[in-house]
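Chemist: This is what each chain is made of:
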Amino acid sequence: MSEVSALEMPTVGDFARVFRHIQSEIHKVIVGHEQAVEELLMALFAGGHVLIEGVPGTGKTTLVKTLGLALNLSFNRIQFTVDLMPADITGTRVILTGEDGRRDFQFQRGPVFCNILLGDEINRATPKTQSALLEAMAELQVTVAAKTYPLEPPFFVMATLNPIEMEGTYPLPEAQLDRFLFKVKLNYPDEDQLIRIISTTTGPEEAGVEPAFPREEASMRIESLKKLVRNVIAAPAIEQYAARMVRATQPANSKFVADSPRAVHEETVNRYVMFGSSPRGAQALILGGKVRALLDGRANVAREDIEAIAPSALSHRIMLNYAAHSDGIDGAHVVERVVRSLHSARPA
Amino acid sequence: MASSNQVRKTEEKLGLIFGRIRSIRTRLNSLAWQRGVFGLLGWSIAIGALIVLAAFYFQPLTFLIVLFVLSFIAIAGILESLRAGWRMHVNRAAAASIADRRADLKGRLETIVEIGQRHKIVKLRQAPERLLLWSYLIEDTLSREEEYAPARIEARRISRSLYGFLGAVAFALAIAPLIIRLHSKPLPIPANQDDEVTLDLNDLHLRAADPDSDDGVEVHADAQTMRRLEDKLAAETAAGSGKGSDTPMDRMMSHAKGLAGRLQDKLTGRTQQHQRLTLKLAENSQDMNSLEKRAPLKLNPHRKGEDADAHFEHEKTGNESPLPNTPPPKTRDPEQARSEGGGDGDISTPEQRANPPDNSSDKSADQENSESSSNGGSSHGVGADPDTLFGAASDAKLTSQGFEISIDARSEAKGPKAAGHAYLPPKVRTPLNSSQHPDEPIARASVPEDDRAAIKKVFER
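Note that the protein sequences, when read in sequence, are chains A and B. Residue numbering for the first sequence follows the working numbering, starting at 18 and increasing by one per position. Residue numbering for the second sequence follows the working numbering, starting at 24 and increasing by one per position.
Derived by calculation from the structure, the hints in this document are not laboratory data. All C-beta atoms in this analysis are idealised placements derived from N, C-alpha and C, irrespective of residue type, glycine included. Heads up, a few of these hints could be off.
[To be verified] From chain B, some residues computed to sit far from chain A (all C-beta separations above 12 Å):
id, residue
1, Val75
2, Ser469
3, Phe482
[Stated by the list, open to error] In the DSS-like style, the derived pairs of lysine-lysine whose C-alpha atoms are separated by at most 30 Å in a straight line are:
id, chain 1, residue 1, chain 2, residue 2
4, A, Lys82, A, Lys243
5, A, Lys244, B, Lys36
6, A, Lys145, A, Lys164
7, A, Lys243, B, Lys36
8, A, Lys82, A, Lys45
9, A, Lys45, A, Lys145
10, A, Lys244, A, Lys45
11, B, Lys32, A, Lys244
12, A, Lys243, A, Lys45
13, B, Lys32, A, Lys243
With these hints in hand, go ahead and build the complete structure from the sequences.
Modeler: Right under this line is the structure:
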C-alpha cells in the first residue's frame, strides 16, 4: 500500500486537472455518455463501485476497458454466466508440484485480483457467485479456505446489467446493490453521437488512449487523489441535509423507520417505496458531493452537490413495491421527488 | 503540521470573513425588525381607524361584533407580522447561508461559519491535510470578497413592509376628515320626538340600577310618587325574578352592550354631551320637605292629579352643546325665562311665577296637601269615603305640569344606552282637529243641595 505524505498531497486544482484529463482520454473512445463517464470517475475517486445499466451495444464494456487504459491500472473482466462459480472469481487452491517433487496446495488468484474489475452482466450469475464479490467490494480482501488475501488498491468494480433479456437472470440482492456507490445508466446515443461512433470505430485507425499516469505511479497517484477527496470539508449542516434526504426516501409507515418531527415525507415515497435507502446512501451522497466540490474547485461540499449526486447515489438503493411497478415508477423518479421536496423545504 | 504563522494568518482572514458575515447579518436583522415593527404599526393604525369609524356608524351590539371581528383581524395581522419578522431574524449561520445562495458561493460561507468554531479548528489542526484544505477554503472565500459584500447580498436598508405601514397611515388620514366631520355633526333628530314626552307609568318597565354601571336614570319625585315608583319597581322585580327572564346571559349581554356603548362614547367623544332631561310627572306633591330631603329637584306642588302620566321635558344642563341624536332643548324666550325667575336653572310653573315662593303659604299648602294625602280624598277617582267625597271646590288652575324630575339620559333613537334597555315609545301629543277637545280634568264644583242625598246614597251603597 502506498503511503502519501502531506507534502505530496495534490491540491484542489491538481484534482480537477487530472480528472478532466482522464475524462478527455476516455472520450477519445467513448462518444457521448458524458454524465456516465463523469459519475464513473467520481465513484472511482470516492472509493466506491459502480453498477452500469444499459441495453446491449451502448458501450458498457468499452467504457470500462477504456477507463482501465486511461488510468494505466490492471484490468480484468469476468463474464458472468449461470455456471460461473465463486472460485472462478476469487481464485482457488490448486495442487501444484514443486521442483522438489512435493505437491502442495497453492492459492491461484482469480480475476478479482486487479485494480479495475469488470463484471459483465452480473445478473446472469447465481446469487452465490454474485455474493463472491461482496467481501472484495466492501473490505478489499478475499477469503479462501480460511485464509484472507488483501486486494491491491485501488480496487474498483464496475458491474453491468442488461435490463432486457431478463429470462434466466438473477436480480442482484439488495445487500449487493447497496454496495455499489452509484448506479449509472447508459442510454442509446442520439444521432450525432451515433455518426461519430460510426466514424471512429469503422475507420482504419482506432483511437488510442493515452494513460494519465505512468504505470508505477498510477496506483499511488489515484490513492492520493482519493485521500484528497476524503479531506474535503462537509459542514454539519450538509451532513444533516444528506441524512434528511436519505430518511426522506424511507416510507413513513414503515416499521423499520423511526419517526422524527423533522422528517420530510413525500407522498410518492409513502405510496411506492417498500424500503428506502440504507445509511450507505448517505455515505454515497457525501462522498460523491466531495468529488463534485473538488471538480468545482471548492474545498467544501454544498447542498447543490448533494442534490446533483442523489439520483445516482440513491435510486438503486430504493426497493419499490408492486404499485410502483404497476404505475411505471422507478427509483430515479422517487429520488427526484424527494430532492424536489427537500429543495423547496430549504429556507429562502 | 502547519506553522503557527500560517495558522495565525488563516485566523486573521477568517476574522475578516466573519466581519463581513456580521455586517450581512446586521442588515438582514434590521429588515426583520422593520418587518415586525411596520407590520405592528400598520395593522394597529388601519384597524384603529376602522374601529373609530365603526363607532360612529353602528349601534352598540353591531359595534361590539364589528369590534370583535376587527380586533381579531388586527391581532392575527400583528401576530403574523411579528412572526414573519421573527422568522426573518437570522443567526450567523443563517446569514452565511443566505449570503451563499445570493452570491452563488456554493456553501463556502456556511461551511466556514460552521467549521470556524474554535473547537472544530483545533480538531482541524490535528489533521494537517484537512487544515490544508481549510486554508484553501478561507483563501478561496476571501478572494471572492466582493461577491458577498453586504450591499450586494441585501441591497435594501428599508423593509418593503414600509409600504404597508404607509398605506395604513394614508388610509387613516383619508378617513380622518370624515371622522372629524362626524364628530362635530349632530345626528338627525327623530321626527316623532318632541320637547315633551309623556310616558304612562303603567307602561314603564322599571329596574334597579346596577351600581357598577352608569346606565339608568336617577329619578326624583315627591314622596308619594316615589313610593309608587318603588312599589312598581318591587312588583317588576318580583315579576322578573319569578319569570326568570334576567338570565346570566342577559346580564352579560347587557354588560357587553354597556361596555360597547361606553367605548363608543369615548371614541366618538360624546360622553360629556349627555343631556339632562327633566321629568315632569302630572302628580300631586304633598310632601315637599320630604321630597327636597330625598332629592334636590325642581318641584311644582300645585298640580294635583291621579293620572300616572309622566311628562318629560328636556332641559339642557350647563352650556353643553346639544347632542346630535337628542331633541333640541326646550327654548324659552328671555321674557318667559325672566318671568319664571329660574336663574339657577329651575323650572317653575306659571302658578309659581304668579305666586312667588312664600314659606308660610308653602307650609300651609304642604299641610293641606299632607292632610288631603293622608285621608286620600284629594285624588280624583280615589276618594271613596263619602265623608270626604265632597270638599270645597278647588280654585287651583289646572295644568298638565306637576313635578319635575331631572334625569341624565340620552336620546333613545341612537344612543348606545337605548339598546341596553327595552325601548318604550313615548306618548306623543298630536294636534287635535276641530271636532276634538283636549282631555282636561273636570273642575270640582259645588253639588246642588237637592242632589246631595241621592249621590250620598249611591256612594254609601
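Chemist: Among the hints numbered above, which are violated by the structure, and what are their numbers in rising order?
Modeler: The structure breaks only hint 9.
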